Amino acid sequence: MQLALDTRTAAVGGPLRRLSSLLYRKPNLYLSLLLVPPLLWFGAIYLGSLLALLWQGFYTFDDFTMAVTPELTLANLGALFQPANYDIILRTLGMAVAVSLAAGLLAFPIAYYMARYTRGKTKAFFYIAVMLPMWASYIVKAYAWTLLLAKGGVAQWFVDHLGLAPLLQLVLGIPGIGGSTLSTSHLGRFLVFVYIWLPFMILPIQASLERLPPNLLQASADLGARPAQTFRQVILPLSIPGIAAGSIFTFSLTLGDFIVPQLVGPPGYFIGSMVYAQQGAIGNLPMAAAFTLVPIVLIAIYLSIVKRLGAFDAL
Amino acid sequence: MHSERASWGLRLAAWGGLVFLHFPILIIFLYAFNTEDAAFSFPPKGFTLKWFSVAFARQDVLDAIGLSLQIACLATLIAMILGTLAAAALYRRDFFGKEGISLMLILPIALPGIVTGLALLAAFKSLGIEPGVLTIVIGHATFCVVIVYNNVIARLRRTSHSLIEASMDLGADGWQTFRYIILPNLGSALLAGGMLAFALSFDEIIVTTFTAGHERTLPLWLLNQLSRPRDVPVTNVVAMLVMLVTMLPILGAYYLTRGGEGVAGSGK
Amino acid sequence: MTIAVQFTQVSRQFGEVKAVDRVSIDIQEGEFFSMLGPSGSGKTTCLRLIAGFEQPSAGSIRIHGAEAVGLAPYQRDVNTVFQDYALFPHMNVLDNIAYGLKVKGVGKTERRARAEEALGMVALGGYGARKPVQLSGGQRQRVALARALVNRPRVLLLDEPLGALDLKLREQMQSELKKLQRQLGITFIFVTHDQSEALSMSDRVAVFNKGRIEQVDTPRNLYMRPATSFVAEFVGTSNVLRGGLALELGGSERPLSIRPEHTRLAGSEALGGDEVEISGLLHDIQYQGAATRYEIRLDNGQNFCVSQANTQWGEGAALRSTGQRVTARWARAAMVALHDIAPGADA
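Chains as they are written, first to last, in the working numbering: chain P, 1 to 315; chain B, 316 to 583; chain R, 584 to 930.
Since the hints were derived computationally from the structure, they do not count as laboratory data.
Quick list of the computed label-pair ranges, beta carbon to beta carbon: (1) F338/B <-> L101/P: 18 to 28 angstroms; (2) L364/B <-> G709/R: 51 to 61 angstroms; (3) I421/B <-> T69/P: 29 to 39 angstroms; (4) F231/P <-> W490/B: 51 to 61 angstroms; (5) K151/P <-> I421/B: 38 to 48 angstroms; (6) E210/P <-> A874/R: 49 to 59 angstroms; (7) W490/B <-> G872/R: 53 to 63 angstroms; (8) R211/P <-> F335/B: 23 to 33 angstroms; (9) E210/P <-> G906/R: 49 to 59 angstroms; (10) F338/B <-> Q717/R: 36 to 46 angstroms; (11) L364/B <-> Q169/P: 31 to 41 angstroms; (12) F335/B <-> P227/P: 22 to 32 angstroms.
Everything numeric in this text was worked out from a predicted model, so none of it was measured.
In this text, a Cβ means the ideal position worked out from N, Cα and C, and glycines have one as well.
Using the sequences and the hints, build the whole thing.
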């Protein structure tokens with residue numbers, strides 16, 4: 001007993017012990033000490049930057065002198081509604097919606113199979129097999145597709161050997177979808193987008209299906225529903241939050257991208273490439289800043305829609 | 316419910332989906348060993364290792380690799396510190412503004428990269444800071460924080476709070492509890508978060524485009540090669556390398572955090 | 584005798600909820616003291632206040648005479664056995680036990696020896712190298728006990744430590760804990776919601792209800808002389824007679840408690856002078872092996888319970904059937920007058 005007391009007093013009094021006793025008595029001080037560094041970083045650097053961006057959107061850009069002056073104007077916001085810019089917005093929005101739909105259709109069977117028909121090692125294998133392409137380098141994945149779609153590349157080899165060349169020509173001939181070659185067509189760009197964002201759709205759907213209690217399906221079968229009816233009446237409605245959550249990623253990531261449109265597909269700006277061009281080549285930072293408002297507003301609208309579908313519970 | 320077997324159509328769709336996801340990655344690995352100079356043709360005519368020595372003899376490639384590693388390390392370090400602090404502050408106590416703080420942490424990856432990138436650029440410009448290594452690191456650290464934060468807070472939530480109380484009860488002060496109990500329990504989650512943050516930073520291109528100035532990270536080097544396809548074989552080798560550097564941390568992080576169903580430290 | 588832990592008008596509020604409301608207790612040194620109550624009654628909060636995991640909103644807590652309010656858990660000579668055991672998953676059993684000694688700076692050889700000794704004390708010698716996940720529930724419980732005791736605390740706090748064990752193991756651990764406490768002479772403060780556990784192990788029991796203490800007493804007094812109707816009904820079962828019934832049967836303005844096993848169903852014999860009786864309809868009979876319980880519905884609608892030991896062999900006992908009108912009878916002296924605390928009143 002005596003020894004225990006002695007050693008205890010020996011430990012008391014070190015500066016660290018005094019500090020931790022102080023923090024123990026004052027939990028609010030402890031909390032603020034933890035919070036100050038991240039809050040400073042995010043408050044000063046990140047939120048500060050966003051405000052700076054917003055502010056810049058109202059600055060004036062002189063087309064002749066190519067100079068930015070800090071006179072506030074609404075001209076940049078107004079310019080967003082010019083037909084040319086309007087086209088850019090619609091083109092990007094259309095692609096984001098199409099990519100989300102296609103990714104949902106492709107992802108569902110994979111997620112469904114993962115959740116219902118795999119377990120143990122196979123489930124882990126599927127999980128890693130989806131995680132790896134999701135995290136693998138974005139720029140390299142885009143590069144891989146330029147190789148795949150190039151003239152004399154892998155895609156063409158397959159098309160030729162399967163005798164699908166006439167079909168491909170037919171599809172590429174459809175206006176609005178096609179183009180002169182696969183790598184310069186809307187279809188090619190769409191394929192690359194779907195490929196790159198597909199894993200972001202699979203995992204939320206899989207997670208929502210994984211949460212389905214098995215006895216729910218048994219109950220449905222017990223009540224006389226055929227498998228197709230169970231799927232339509234029970235499984236699909238309950239997986240909608242997962243699909244909605246996945247679509248947040250596919251929609252928002254497509255909306256802001258400017259690398260893929262630059263590498264694959266026909267000429268014509270996307271929102272991202274417009275922002276990039278405005279601030280870089282043209283040097284019109286105010287216009288670029290105004291343009292970034294478009295994806296922010298579109299995503300905010302999209303979020304408010306999917307929130308009603310329960311997407312936030314599935315994230 | 317696992318007793319029934321999936322229909323052929325479903326199995327085909329699922330396994331076909333996996334093939335679709337991995338085929339382009341395999342193509343990258345294949346072409347890195349291609350003998351041809353213009354490596355667009357398929358199937359490859361033969362295999363060689365010579366492009367590796369060519370790639371590693373190029374100063375621009377080495378510089379880009381070095382820069383990307385340096386940036387990823389710095390960004391990861393900052394993200395690990397800030398992410399862990401934020402997780403420790405937010406995981407247990409309720410206070411005013413808690414929701415706002417966690418939203419703020421997610422914002423940099425929730426908003427499109429062009430927004431974050433341009434915002435940082437606008438701020439740096441108005442402060443007169445010249446874009447360079449420092450600005451790239453700041454950008455990367457900002458969106459990497461949430462990765463570490465998510466991993467650490469998940470582990471903290473799974474660690475029974477009574478472990479911390481038990482430690483204090485046994486005579487350990489806050490610092491000793493952190494060192495002997497919290498850190499060892501957090502270690503693998505912290506490491507996993509760090510690896511993911513590293514992979515994310517190493518590969519990032521969209522924010523980097525805006526904050527890099529004249530610096531050229533490895534993804535920027537790659538992008539530059541694509542618009543000027545002069546030396547395809549070297550590009551292929553570098554592409555494979557980047558692929559590996561971003562994929563291996565995923566496997567590591569997976570093995571470090573798997574099997575975490577139960578609450579650590581709960582006896583029942 | 585000195586006082587180990589003293590609460591003086593201690594309150595602990597969580598927002599609007601008063602988890603502990605003006606509690607005062609003296610816990611004697613060397614005592615096996617139980618805190619008994621339903622979940623949410625404030626007993627666990629009281630334990631956490633002693634350990635230092637919570638700080639009181641008002642009042643004073645003295646541990647061995649010294650004010651403990653404001654002290655961190657590591658500044659108190661008190662150790663806890665947690666409900667979920669809280670064994671450190673990344674350390675083996677021996678390191679778990681030696682942890683308290685390590686953070687106090689005890690040398691490696693000594694802490695190893697003392698940890699081994701503690702392990703032997705809980706009959707787990709040879710298990711030192713195992714990880715907590717490799718142990719059964721009962722073994723983890725013993726490790727948690729050894730980890731606390733190795734520090735030779737003057738007060739040991741036990742937060743429902745037997746709750747997760749099955750019945751047989753629980754009974755075995757009850758008697759071992761009691762033995763250990765006598766042997767070491769340490770003050771044990773034991774939190775439980777199981778009244779039979781509290782009665783069988785403790786020197787004294789405090790009964791908690793809604794953040795207040797209803798009664799502090801020996802197990803025998805608690806059972807035989809419950810102070811309030813809550814205690815009468817929470818500790819064992821009781822018939823509480825109120826209002827007109829209490830006045831008529833006991834001449835009492837206050838509610839009266841009568842234990843079912845202190846009553847019997849009357850036969851044809853005459854009512855004794857020191858006895859009272861009440862009649863009603865028999866509406867349920869539960870055969871319980873050692874005893875039989877008769878549920879009677881009194882004329883005022885209240886249920887009344889009679890428990891009779893099945894002492895006779897064969898079919899000797901008179902067989903009753905539900906629907907009969909029966910009379911319950913008991914000695915006047917078996918009734919206890921209760922002092923109910925009006926809600927919100929000062930103690």
